[in-house]
Each structure stands twice: as C-alpha cells, then as structure tokens.
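**Student:** Top line first, the protein sequences correspond to chains U and E.
Counting from 1, one number per residue, gives the positions in the first sequence under the working numbering.
Counting from 1, one number per residue, gives the positions in the second sequence under the working numbering.
No lab work stands behind these hints, which were simulated from the structure alone.
Straight-line alpha carbon distances no greater than 35 Å define the calculated DSBU-like cross-link-like pairs of lysine-lysine that follow:
(1) U:80 to E:3
(2) U:164 to E:230
(3) E:230 to U:23
(4) E:230 to U:80
(5) U:164 to U:70
(6) E:230 to U:72
(7) E:3 to U:164
(8) E:230 to U:12
(9) U:80 to U:113
(10) U:84 to E:3
(11) E:230 to U:84
(12) U:12 to U:164
(13) E:3 to U:113
(14) U:84 to U:34
(15) E:230 to U:35
(16) U:113 to E:230
(17) U:72 to U:164
(18) U:84 to U:23
(19) U:70 to U:34
(20) U:84 to U:113
(21) U:35 to U:164
(22) U:80 to U:12
(23) U:35 to U:84
(24) U:12 to U:28
(25) E:230 to U:70
(26) E:230 to U:28
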Amino acid sequence: MSSSANQSSLIKVENLSWQVNDKNILEKISFNVKKGEVIGIIGPNGAGKTSLLRCLLNHQNNTTGNIYFKNKSITQYSAKQIAKSFAVVAQKSTPIFALSVFDVVRMGLLPHKGMFTLDSDYDRHQVEISLERVGLSSLINEQFNVLSGGEQQRVLIARALVQKAEVLFLDEPTNHLDVYYQHQILQLVQSLNITVVMTVHDLNLAGHYCQRLLLLNNGSLVCDNNPDQVLTSQHLTDVFNLTCHRDQDPITKSPRVSFSLNKHSAADTNLNKSAPASGHINQHLLQDVHQGNRTPSNIS
Amino acid sequence: MRKSSLIYLILALLTLISAALALTFGPAKISSQQIIECIFGICSTPVNEMIIWQVRIPRVLVGLVAGMGLAIAGAILQNTTRNPLADPYVFGIVSGAALGATIATITLGNQLTVALPLAAFLGALFSVFIVVAISTALKNPEQLLLAGVAVSFMLTAISQFILYLGEPFATNRVLFWLMGSLARVEMSNFYVISGVLFISLLVVTAYHRQIDALLLGDESAKSLGVNVNKLRLLMLAICAAITATVVAYCGGIGFVGLMIPHIVRQFIGVTTLPLIIGSSFVGASFLVWVDVGARSAIESAEVPLGIITSAIGSIFFIAIMLRAKTK
Numbered sequence: 001m002s003s004s005a006n007q008s009s010l011i012k013v014e015n016l017s018w019q020v021n022d023k024n025i026l027e028k029i030s031f032n033v034k035k036g037e038v039i040g041i042i043g044p045n046g047a048g049k050t051s052l053l054r055c056l057l058n059h060q061n062n063t064t065g066n067i068y069f070k071n072k073s074i075t076q077y078s079a080k081q082i083a084k085s086f087a088v089v090a091q092k093s094t095p096i097f098a099l100s101v102f103d104v105v106r107m108g109l110l111p112h113k114g115m116f117t118l119d120s121d122y123d124r125h126q127v128e129i130s131l132e133r134v135g136l137s138s139l140i141n142e143q144f145n146v147l148s149g150g151e152q153q154r155v156l157i158a159r160a161l162v163q164k165a166e167v168l169f170l171d172e173p174t175n176h177l178d179v180y181y182q183h184q185i186l187q188l189v190q191s192l193n194i195t196v197v198m199t200v201h202d203l204n205l206a207g208h209y210c211q212r213l214l215l216l217n218n219g220s221l222v223c224d225n226n227p228d229q230v231l232t233s234q235h236l237t238d239v240f241n242l243t244c245h246r247d248q249d250p251i252t253k254s255p256r257v258s259f260s261l262n263k264h265s266a267a268d269t270n271l272n273k274s275a276p277a278s279g280h281i282n283q284h285l286l287q288d289v290h291q292g293n294r295t296p297s298n299i300s
Numbered sequence: 001m002r003k004s005s006l007i008y009l010i011l012a013l014l015t016l017i018s019a020a021l022a023l024t025f026g027p028a029k030i031s032s033q034q035i036i037e038c039i040f041g042i043c044s045t046p047v048n049e050m051i052i053w054q055v056r057i058p059r060v061l062v063g064l065v066a067g068m069g070l071a072i073a074g075a076i077l078q079n080t081t082r083n084p085l086a087d088p089y090v091f092g093i094v095s096g097a098a099l100g101a102t103i104a105t106i107t108l109g110n111q112l113t114v115a116l117p118l119a120a121f122l123g124a125l126f127s128v129f130i131v132v133a134i135s136t137a138l139k140n141p142e143q144l145l146l147a148g149v150a151v152s153f154m155l156t157a158i159s160q161f162i163l164y165l166g167e168p169f170a171t172n173r174v175l176f177w178l179m180g181s182l183a184r185v186e187m188s189n190f191y192v193i194s195g196v197l198f199i200s201l202l203v204v205t206a207y208h209r210q211i212d213a214l215l216l217g218d219e220s221a222k223s224l225g226v227n228v229n230k231l232r233l234l235m236l237a238i239c240a241a242i243t244a245t246v247v248a249y250c251g252g253i254g255f256v257g258l259m260i261p262h263i264v265r266q267f268i269g270v271t272t273l274p275l276i277i278g279s280s281f282v283g284a285s286f287l288v289w290v291d292v293g294a295r296s297a298i299e300s301a302e303v304p305l306g307i308i309t310s311a312i313g314s315i316f317f318i319a320i321m322l323r324a325k326t327k
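Generate coordinates for the entire structure from the input sequences, incorporating the hints supplied.
**Tutor:** Set out below in structure tokens:
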C-alpha cells in the first residue's frame, strides 16, 4: 500500500466494486489519494482505468463500497459541489460547432456562477490568466477545433484551472500526441502543484511523471506504490502477458520498461548488464523503445 | 462598446426598421405619413384605423414573435443535441399539431376559432410527450432525434389517414392551415406567444452556461456539474411550448428554426446567449419579410408562408452543401 500513510487523505476509496451483467468491471478496490500527489492509474485495455476514474467522479451508478472526499462520502456532495472540487480533462473532444478557445475555457466558470449571472471583466481576466499559465494566451480567439491535440489538451487544462478545482482528473492525457507534446502536457500537469489522478497508457511516462502508480488488471488493484515498486518485470509481465524488461533511464533515473512479444521469463536488467536475448524481433523492438520511436503501448 | 453589443444594437435596429416598413405593405394603399399619424396620433379615416390597428399591426407583431420563437427553438434544440440539423419539425412537434388540427377540423366542423389552435397545441404537446417517453429510455441525443423523426412520421400517417376518410372541405382546410399563414392572427395571439417566449427566454438565460457545457460533450458537461438528461428534457419541453404556440396560431412554418441559427452561428457565435439573441432578431426580421413577400407576390391573393420558407430553406441548404464542397 501507499508509502506515505501518515499524510491525511484527500480522497479515500474503500472496497469499491462495480458489476455490469454479472461481469466485474471493478472489484474491491481500496486506496487513498493525498493532497498534492500525482497518481497514475495504469493497466492494459479493459483493466478498468477509465471506469475507476468515472466512479471517483461519482458519474457511475450501482457501485458498491465507499468513496470519501475530505472524510465525507462523495454521494453526499451535489454535482455542483463536486464540480467545484474536481476538474476533468477527458480524452480528445471534438465539438460539432466552432467553439473558440475562450468559449471552452470559460466553461470552467460554470460551477461558480449563479443562474442569471453574466460574465464580468474579472471572469475574462481569469480565462486569460489560465491560458497564460498553459502558454496559449495568443490563441484565445482561435477555433478550438483547429488546434493540435496537444494544444487542445492544454486548453482543457486551462479550463480546469478556471474551475479552481482541488483535484485534477485526466483520462489518457497523452493519447494521440507525439513525444514532444506528451512530455509538454505532463510537465505542465506536474507544474500545477495540485492533486492529480490520471490514467496513463505509456508506462515510461507514468513512471517518470507520477509519484504513485495504481496498477489495475481485470478490474482489480494489483499494486499501489511508487513507480519503482510498481513497474517491476514481475508485475508487468503478469499483467500485460508479455515479457517485460525493466531498467533505469540513464538521464532521468526513472524506471524504464520495454516488452518483447513472447512471454518467456521476467527479467530485471540494469544499465550495466545487457538485456537478455529474447529473440531477433524482440531485440529490434527493444532498440526502438529505448530510442523513443515506440512506446510500450503501441507495441502491445 | 463591445463588438457583440454593437452587433446586437444593429440587429435590433434592423428588426425595428423591418417591422415599420412591413406596415406599409398591403392591398390597401396607405401612405407612410398616414400610418405614422394612425400610430402616434389620429387616423385620417376609420377604415385606415381598422386596417392599421386590427390587421397590419397584429400581423407584423405576430410575425415578429413567431419568427423569433421558431428561431430560438431551433437554436436551443441544435445546441442541446449538438446537432446542426435539429429543428422543431424534426422532433415531430408540427406533426403533432397537425394531428390535433386534423381531429378538430374533422370532428367539430365550423366551430374552429378557438378549437383549432387549442387542438394544435394539445397535439404538439402529445407528440413531445411521446418523444420524451422514448428518449428517457434511450438517453442519447442522436437517438432522441431519431425518436422525433419516427414520431413525426407516425403522427403524419395518422393525420393523413383521418383526412383520407374525412370530407374534402375539411381536408382542404387542414392542408391550407398546414401551409402556414399570418392572415388570421389577432393581437391576443401576440400576447400569448410573447408570454410563452418571455418565460422560455428566462429559463434559457438561467441555464445558458449549462447548455454551453453540453457543446463539448455529455461527459464534459457532467464534470462541470450539469445534469445532462434533465437539462435536455427541460429544453425539449421549452422548445415544444414555443413551437406549439406558434404553430397553433400560424400553422406550419418550416425551415426557420433550422436556417436562422445556422446563419447566426457564422457571424455572431456558437454559445447559447449570443446565438439566442442573434437568432431572435434575425428570425423576427426574416419572418416579417417573408410575410411581406407572401402578401405581395400575387395580387389579390396570398402565398402560404410555409411554401416560401421551405423554398428559401432548401435553396439555402443546397448553397451550404455546395460551399462546403468547394472548401
């Protein structure tokens, strides 16, 4: 379980389960989120990452177990109260109509506004400051639809900043982004200094940017710990059903993982030792991953 | 002054000018000077007084609020369903009104002054009730539209079957009513439509931020604290009330709710408040001028409004498709 147990929990999840047609989507999941932590939820497709995120946001009915936010059950909060505390950056959104960047960021004011209140100069200032923090103030009047994937994600993060939430939830924030934008988004998220819970497909990015990782498989929590303890060859080989090789990034010192296609044996390696030979194709794949041309997610 | 305020001011002035100019059109030759005297002073003849106060002013005022209402209903439906093709017609509201009018005409004969609009209103509400009942089971905006289309066809089939069995005179009456006209409107109609519009606009203004949140998707809106299903049903009910009231007095006037928000979105904005304000003015001016065209196109006869709006609307959409293809 978590290494920093002495800190007070902002979010506490106890035995959370969710079933659909007798299939366990989530099964008895328990963990805590402490203030200021950056937590990554990782696991293979269908492991329950996005479902867990939806449950934390109280968007999912028919769940069992308890979720507490500031020691109060999340079901006791109104939707508006939750929106004041939790902000969400969803996967790529493509609006039908030509919304401007200002329109999208302005949406973050919603939980703080009464029914008949119009936008004030202060509100506009808030939007401008948030866009400045994500480095997009020059695009305030641009159409959201025509921005790149990375810029759209940053606009949605600016919206979350306007929302003034205490916890930021991100669902696959680096999906569809190239390597440059992946790092740019996650560095931005890290620099916000708020509590972050995000689902991440790329294990190396998760290991580098998250303080804690929750590894899910088939709806169950396999491991909850710091990246060094979660991203082990044993855990990842078992969960992803591929031979996992683990070492350390020579520059960032973060855990680094790569996979080969056939599951033979788990092997922890370090930089001083050569990776175990696991076939001709696998060596090429490993080389590719280490050079940053491929990520583990697109290999699997 | 902000750019948007300036645009609204210009649109309001254009609407006012449209209404004033529309008063000068009609079979009776009345000069602008006489019209101004009639409105702000004493009419030169009792006939002019009757034409101005009992025919032209009610007609122009009802034209203004009817155009406003249909355009607002279209704008709300398009934003809440995130579908640029949403329109009160697509949701079966007009088919329901037609069914109500058909039943009233066939069963009541000539006692229709109050019964026809009332039956049309009840028919429109009935169609919305069915669409809402289906949509509560579906919970998907795309399917909500499909439910509306299905209900529309179903109610049209029932109307046509009743008309097929009914006498030809009643059939003619319903068919003419369905084509839309402002020829029989009264000042009381203006008050009723204005009242419904006023309440609707209050509700829409109260929820404008929530409707905006829907533009980025249901999940996004939920994360901002919006109860998506309740909001969508409330807005559908608002649109039904506006459209049913307009259709009850003016008959079927198509394409206004589809076309006007589409134009306004290009020049003013896509979020709810600018779209609603812009659509109100443009819709009002548009219908007033369409009515002028309907009165003036053929001497000693009137072209039904629905024919003109549908003709303009279809050309408009072909133009949009061609423009989109060349882009």
